[in-house]
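All chains should be built: construct the whole structure from the sequences, respecting the hints.
Protein sequences, first through last, are from chains B and E. Heads up: the first sequence begins at 49 in this note's numbering, then just goes up one per residue. Heads up: the second sequence begins at -15 in this note's numbering, then just goes up one per residue.
Simulated from the structure, these hints should not be mistaken for laboratory data. In this text, all values refer to a predicted model and were calculated from it rather than measured experimentally. Just to be clear, a hint being listed does not mean it is correct.
Facing chain E, a subset of chain B residues (Cβ under 10 Å, in silico) [claimed, not checked]:
| # | residue |
| --- | --- |
| 1 | Gly185 |
| 2 | Ser214 |
| 3 | Ala218 |
| 4 | Thr298 |
| 5 | Pro302 |
| 6 | Asp304 |
| 7 | Lys315 |
| 8 | Thr316 |
| 9 | Gln322 |
From the three backbone atoms N, C-alpha and C, an ideal C-beta is built for every residue, glycine too.
Here is what each chain is made of, one letter per residue.
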Amino acid sequence: MAEALAPRLAGGRERWRVGSWLTPLLLLIPACATMLGVSVYPILNGLWLSFRDTSLISQTDKFVGAANYVKLLADGQYWNAWIHTVVFTGASTLFETILGLGMALVLNEWFEARGAVRAAMLVPWAIPTVVTSQMFGWLFDGQNGLVNHILVGSGLISHNIGWYSSPDYALLTIIIADVWKTTPFMALLLLAGLQTIPRSLAEACYIDGASAWQYFWHVRLPLLMPTLLIAALLRALDAFRIFDLVYVLTGGGPADSTETLSTLTYKTLFSALQFGYGSALATAMFVTEALIALAFALFLIPRMRRTSA
Amino acid sequence: MTDSKKPGASQAGAEPMVRREFIKRSGVALATTAGAGIATAGAPRRAHAAGRTEITFASAKFFGKETIAQVVDAFNQSQGKIHVTYVELPPPSSSTEVHQSLVQQLARRNGNPDVFTQDIVWIAEFAAAGWALALDDVVDQAARKAYFPGIVEACTWDGKLTALPWFLDSGMLYYRTDLLGDAKPPETWEQLVETSQKLTKDGKARFGFLWQGKQAEVLVCDLVSFITSNNGKILAADGKTVEVAEPAVVEAVQLMHDTINKYKISPQDVLSWDEEPSRRPFTAGQAVFLRNWSYVWSIAQDKSESSVAGKVGVAPLPHFPGGKSAACLGGYQYGVNAATKNRDAAVEFVTWMSSPATQLRFATQLGLAPTRPAVFDEPSLLKAQPFMGTLKPVFVGATPRPVTPKYSQVTLVLQSEVSKALVSGDVKSAMASAKSKIEAIVKA
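And the structure:
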């Protein structure tokens, strides 16, 4: 059998050599073309537009150098939105990570109906954000909302709070809605990370007489750290693009207090049809996101090296 | 598809067969869709090629007992020279998408669509861009008198009539007839404040006056109603002089702020409310007055949705002493593409669409209020839409929002700055800031 096959294989290898680089290359073309078409080209096109004064309304379209960026740096609206976006990203990522970790620790333990609870936990994450927005719109309604009703009823506040109509509370309310919605996602990622930690370590800790806290702080948390940081990075990059909750609930108001980079960019691009300046906004957003990713990476990579070593 | 032609693929078992079958089928499906696409685009042209001029008409989607497509069909059947193909755009609730779609098509200047409908605030933009055909020789001065003056003003840019009126909507004052009793609805803001305070103090209603202060387009509509009723303006008639920091405007914005903080006739929540959130407490019987559009009427009278059915009246919005009631003008209007290759056919079609008979049809069948005062007096209109008859006095005083081709940028500034004024109470500095920002836009 083997002798009979050998010459055929050899001949096959000859033919295979011709196609050895051609076939994979051909197979890669569709994927590469798609990536170039839907991802690289739009980014480069956006970058190119950000150096032009393209606007469908004034019908201008010429090269203006860095004028859009100069305007951007002096634009109070932009920095206002930038600060809101950074505050939102920081706060929501922090709370979602802490709460998600708590949820993951609980769900990692065995208890009655754990499967059902794990499934139920994911429900908020599975609901479309627009629906979540409507729901939180009702819950935090200033006049007939359940939250005010409970807070007033329990005597914690003396009169209704206008959650969405006061610049002091609007961003906070949106952060609460986002934390409710996305914590399960963090819990899921962290649960997966927890499950990779060998049981034997828990047993060793038990035998050595370590307390539950010591086990968590000195064994589980360090081992979970890479997963935790990657999950937080994913979450931060996603939170940075916050759009739908704001768009549905407040439209950026009141008094610009919930305007984020995504909503400002959307308004500039699609309401005012200023493609040039809008692209500069989008590019600035892209740069900030890249900086966030870089900061995480600088923090993450040495840790991962240490863990694997 | 290349791999299904590869020799030997069919011998490799069932899976490639399935895949090949799938590819074949999807190919067929694709070809059918493509064919259908060509057929829908091309068939009417061929079918009606016998001497008929083909034009296209793009409009945002409106419907009632009839659709726009049915009205267009009626035109196609009424004569034998022109055939109109109707292209449906998203509904007006997605007006950003409608705007975008129109701008993209018009900017190509290839004459497609020949006729379109536009939100009243885009008229100046389309005219200044040179996308809308001037219709001055089609509608002479005498014919223009047959429309409400506010709507003709809104359809005019740089002295030229660049849009033809279709239908109107405007902000109006809804009030509770049972709470007001024999008293007439308030004519001045002062009266509205007094009545509201009295009725809420007596416990007859929870809120006095509901309006819309969400940082969105609707805030600019409410703003225009307030400031125009004090003889204030956002832009002077030249479209370049910004008047938002004038005392009359500041006083009006101050009143908007005071309804919440000083007179306490409006809850702070109005700052986050657009149309529907402000409508709900009113139809739930919690408020005396509401500023809103005409759509609220049918909801308010519907017993399954409203606890105040039969107890609601409508009146023009109040004004300042020495001012006149002013409602913010809304609605879609016709435009003819300046690049159309069938000017005469397009003009004939819009003339028919804007004629008294067609306006009456839109009013009775789609509930769209006519732009010709005379149509309001038709008995068949009053029979089909009794409420519309009461709107005539409201529409007479309706005022356009600032007429400028840069409206879409101006409105974003107004939304942001007026929202700041209402939140902080520092009206003067917010309006001064709005002035300098708008000046930078309109003078650019």
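Status of the hints after comparison with the structure:
no.	hint	verdict
1	Gly185	8 Å, holds
2	Ser214	7 Å, holds
3	Ala218	7 Å, holds
4	Thr298	6 Å, holds
5	Pro302	5 Å, holds
6	Asp304	5 Å, holds
7	Lys315	6 Å, holds
8	Thr316	8 Å, holds
9	Gln322	7 Å, holds
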